[in-house]
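Chains as they are written, first to last, in my numbering: chain A, 1 to 250; chain B, 1001 to 1260.
There may be inaccurate statements among the hints.
In the DSS-like style, the derived pairs of lysine-lysine whose C-alpha atoms are separated by at most 27 Å in a straight line are [what the hints assert, rightly or not]:
# : chain 1 : residue 1 : chain 2 : residue 2
1 : B       : K1016     : B       : K1224
2 : B       : K1224     : A       : K132
3 : A       : K52       : B       : K1224
4 : A       : K5        : A       : K52
Quick caveat, the hints were computed from the structure, so don't treat them as lab data.
So the chains spell out like this:
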Amino acid sequence: MIELKRISKSFGRHRVLQDISLSVKTGEVVVILGPSGSGKTTLLRCVNYLEKPASGEIAIGDFKMDCSQAKRGDILRLRRKTAMVFQQYNLFRHKTALENVMEALLVVKKMPAAEARSRSVALLEKVGLGGKLDEYPSRLSGGQQQRVGIARALALEPEVILFDEPTSALDPELVGEVLEVIRDIAREGITMIVVTHEMGFARDVANRVVFMDGGVVVEEGTPDDVFQHPQEERTKQFLRRITPEANWVI
Amino acid sequence: MGAPFEIGYVFSFLPKLLETLGVTLLIVAGSLLTGIVAGFLVALPRMYKIPVLRTLSGLYLSFFRGTPILIQLFLFYYGLPELLKPLGFDLSRAPVLFFVILAYGLHTGAYAAEMIRASVEAVDRGQVEAAYASGMTSYRAFSRIVLPQALAIAVPVFSNLVIALLKDTSLAFTLGVMEMTGKAQTLGTLTQHFFETYIALALIYLVISFTLEKVLLAAEQRLKRHEAREEKAGRSFKLRRKGSYRAVLADIDAGKGGRL
Ligand SMILES: Nc1ncnc2c1ncn2[C@@H]1O[C@H](COP(=O)(O)OP(=O)(O)OP(=O)(O)O)[C@@H](O)[C@H]1O
Ligand SMILES: [Mg+2]
């Protein structure tokens, strides 16, 4: 269970997040939609404190923290309960696929090497990269790199995985393989918050859809609610713009 | 102009100059060590933008990069004992090498500081974020993720820095240190074969520089093996082409041989 309460964040005088509250149940997949600049990335990065929220509260499981007075230890604990999959993959460039997945197991979880290794191999096999264990990221395609990124996040067994547009840096023909992997892990009941522009994917993977604009949550509900019966004018506009074919049907 | 040129002297001077190689290398090693420590101390306030220290670092850099190394040597040798005397430190008996290594070390530190800062800043910000996101402390993120990548970036600059230092140490003779250049002067004066001495001296510096460069290049390639994609692909491609080219020729030859 993840609970964000009244999270606010500004860059200079620009208020990017305004008192955002959001709760995610264990095993739930929440998809965040919204136009560019609406604060989706910033919100996600506040959850693991890559961005420091000005105020608000974050609670994950039994751990609770007041953002305005977070200490170093709190931030570390928060980060160890979450994992992130980045738009630009951000694999450790000097480490092989296997080492990328093992790294935090060894350094953060202090897991014995043999155990870290077997777990990492299993995860890489699961994302279809059993044959690429010893490749450096520079020799992997974008889709393969992102699948390593997902394995790396899974390895930590976090309470929630944060995905920030995991497929938007990929060539169109590589998007499918990554979405397929994310679908698989969503089915296994892993809690996820996903920012994406892939509407079809959002529809069938989400338990709940949150529509953000201008740093606030405009509307949220089941995929059916939000996609078929949006209540707010801003949501309707956004959906019309992003799925023009909807106009033809109506 | 001294005695007429005789190539034989070059060879007989080589071993004599090499006797003092140890002193030169001691200065280089001592200064490098001092320089790297100083470099970190100077680079950190600039990287983390620590108010007052940052300004001091800036002054340090301006001084050591903006004045000739020869003058820095003299300032340290003649000035430091005077400065420290009122504080109760008596440096009048300190060996000359102490001043030489300190001056070269702090001088190298200025360049090392810029090398460190530039290399660390060249590491993609996303690398640190990924490390933080997976729960690493900032120390771990630096030592396991940033540092290894920064090192690979730094090696070419470091290589230049070491070679510059090696060549700069030749000025230590001005304070009477018997390193290689000092020794060469003495030999020249003694035998009047100045040209031969300096040829021998230049040869030695050349060989050391060349070796250092090769060793550091190998280190760089090792540290950058994760980026070897294009390079390696290119190389094996060329090899394969060469191979098949030869194979084609061999086939032709075999064919000819077969027929004839
Ligand atoms: N580091 C920063 N410094 C200043 N402004 C920033 C910074 N990061 C984001 N912003 C601003 O905050 C706002 C929200 O940005 P954010 O990246 O969260 O949007 P987004 O919803 O993820 O957009 P997109 O769909 O384009 O990724 C934007 O106006 C952006 O310009
Ligand atoms: Mg974004």
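Structure-based check of each hint:
1. Between B/K1016 and B/K1224 the alpha-carbon distance is near 40 Å, which puts this suggested pair outside the 27 Å criterion.
2. Of the supplied pair hints, the one linking B/K1224 and A/K132 holds, its CA atoms being roughly 19 Å apart against a limit of 27 Å.
3. Taking the CA atoms of A/K52 and B/K1224, the gap is near 34 Å; set against the 27 Å cutoff, the hint is violated.
4. Under the criterion of a C-alpha separation no larger than 27 Å, the hint pairing A/K5 with A/K52 is consistent with the structure, at around 14 Å.
Hint check: violations occur at hints 1, 3; the rest are consistent with the structure.
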